[in-house]
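Trainee: Got chain V; can you put chain A on it based on the hints?
In order, the protein sequences belong to chains V and A. Residue 1 is where the first sequence starts when you use full-length UniProt numbering, and the numbers rise one by one after that. Residue 1 is where the second sequence starts when you use full-length UniProt numbering, and the numbers rise one by one after that.
Only true hints are included.
On the chain V side, residues computed to face chain A include the following (Cβ under 7 angstroms):
| id | residue |
| --- | --- |
| 1 | Pro7 |
| 2 | Val42 |
| 3 | Thr47 |
| 4 | Gly125 |
| 5 | Pro128 |
| 6 | Pro188 |
Covered stretches of chain V (in silico footprint by chain A; criterion: 3 or more residues with CB under 8 angstroms from a CB of chain A, positions within the stretch not fixed):
| id | stretch |
| --- | --- |
| 7 | 8-17 |
| 8 | 194-204 |
Keep in mind that the hints were calculated from the coordinates and are not lab data. For each residue, glycine too, the CB sits at the ideal point set by N, CA and C.
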Amino acid sequence: MSRRLLPSGDAALLVECDSLDEVLALHDALAAEPPAGLVELVPAARTVLVAVDPDRLPLESAATWVRRIPIEAAARRPGHVAGEVTVDVVYDGDDLRSTAALLGISAEELVARHQAAEWRVAFIGFAPGFGYLVSDDWPFEVPRLDAPRPRVPSGAVALAGTFAGVYPRQSPGGWRLIGRTEAPLWDPGAPSPALFVPGRRVRFTEAGRP
Amino acid sequence: MTRLTVEASGALTLVEDLGRPGLAHLGVAGSGALDRAALALANRLVGNPDGAAGLEILMGGFRARFDEGAWIAVTGAWGRVTLDGRRIAPYTAARALAGAVLELGPAERGARYVLAVRGGIDEPATLGSRSRDTLSAIGPAPVAEGRVLEIGGAPAASVPLLDREAAFPPPAGGVTVALLPGPRADWFTDAARATLFDAAWRLSGQADRVGARLDGPRLERRVPGELASEATVPGSMQVAGDGRPTILLADRPVTGGYPVVAILSPASLDAVAQLRPGQEVRFRHA
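Looking at chain V on its own, in the form it has when it is part of the complex (with noise of 0.2 angstroms):
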């Protein structure tokens, strides 16, 4: 394992690990204990971006935060502050029994596997509120479309990649849609915005069933 920091302006540096699994882990760790000064904590793919306000948290301060922090300690810390959710889903999306055949399983078992997964939010990509969602449970990697749809309805529930999301509004989009539920995804006129934040651990049930 190794981490690498790489520069990104004077007021931010990008930090680059060996897997998605260090970044969660590292990610945890750098939200549990936030400096004065710490602007924003930005998860991606393989990346944590860290940005100050140089004035209140010099760059060079900010990187000796980061390095200083163990990846080993960080993989053992539970999942911080991001809580966790429930989500509702109907199972009826467009593409559920064709993402199943393409995995080799029905779609009752799809949707099994969907719902005994414990995912949590890994990122937010593609747009504010849209959650990458990961799990250990979940050995599957779908394809994505070979052309977007032009219009997903907000609320679809998908699968892309070794990722689980849903749609926050209506947008173009490349993921398989296997659901829809009706959970506040993004709301900017919230207290609390964004269903899904990063760490944030999510659940989906069958709508209707207890």
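Mentor: Quick look at chain A alone, frame taken from chain V:
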């Protein structure tokens, strides 16, 4: 409550303040005025705090009427600015009387006027800011003809009697701005990195608040293949598959999959905000 009724909104008129930093982990960019120094200066000229919301007016063609008297200042782009037909000095506080009509003619220098009104534009804030994010569609809707904007209450500070800074119009010719190394500079050939600083670039027609694409030579990659998307900062210069650089700006997507070769300093970004399509831009080492 003073009101400003917009009678002509030009190509694009947006409410902007200094944006909403700290939300990139939710997928929300900082947004805010593209020429931040121009907004801060306009606000100071009328006694507002630096971050009060003003109007960012692209290339002029703007007309509005004040229902009550108000102090105003116009900064950023340089062109013919009139109150009731009488020309007012740029980068200077001016008093609009009740019923006065403010007109911003075509920008002769620079691309974006900034209008500050004493008290600030009092639109509802979203996620802590009154800025319009054009990519995420967050914040006050673009200002259209007929829109009535409310002006906030007077701030504690008075209108300064003297200008504290000499004002210069945005340059008409070439602009040189400073570059810092980007996180993926080593993905490019030595020749490409030299070309970045040697070439005369031009702002392309594909330039908006999301990003400014440059015309010029191809920047060749040393490392082929794809980059997993990673977070960018304002001023990140990403290079697409065709080898052409784009400077990512306030309303950029917060993550991107193209390698970032270099980063512009914040002060340089203000200069980029005032570039006009076709205008020359060169880079120097910060």
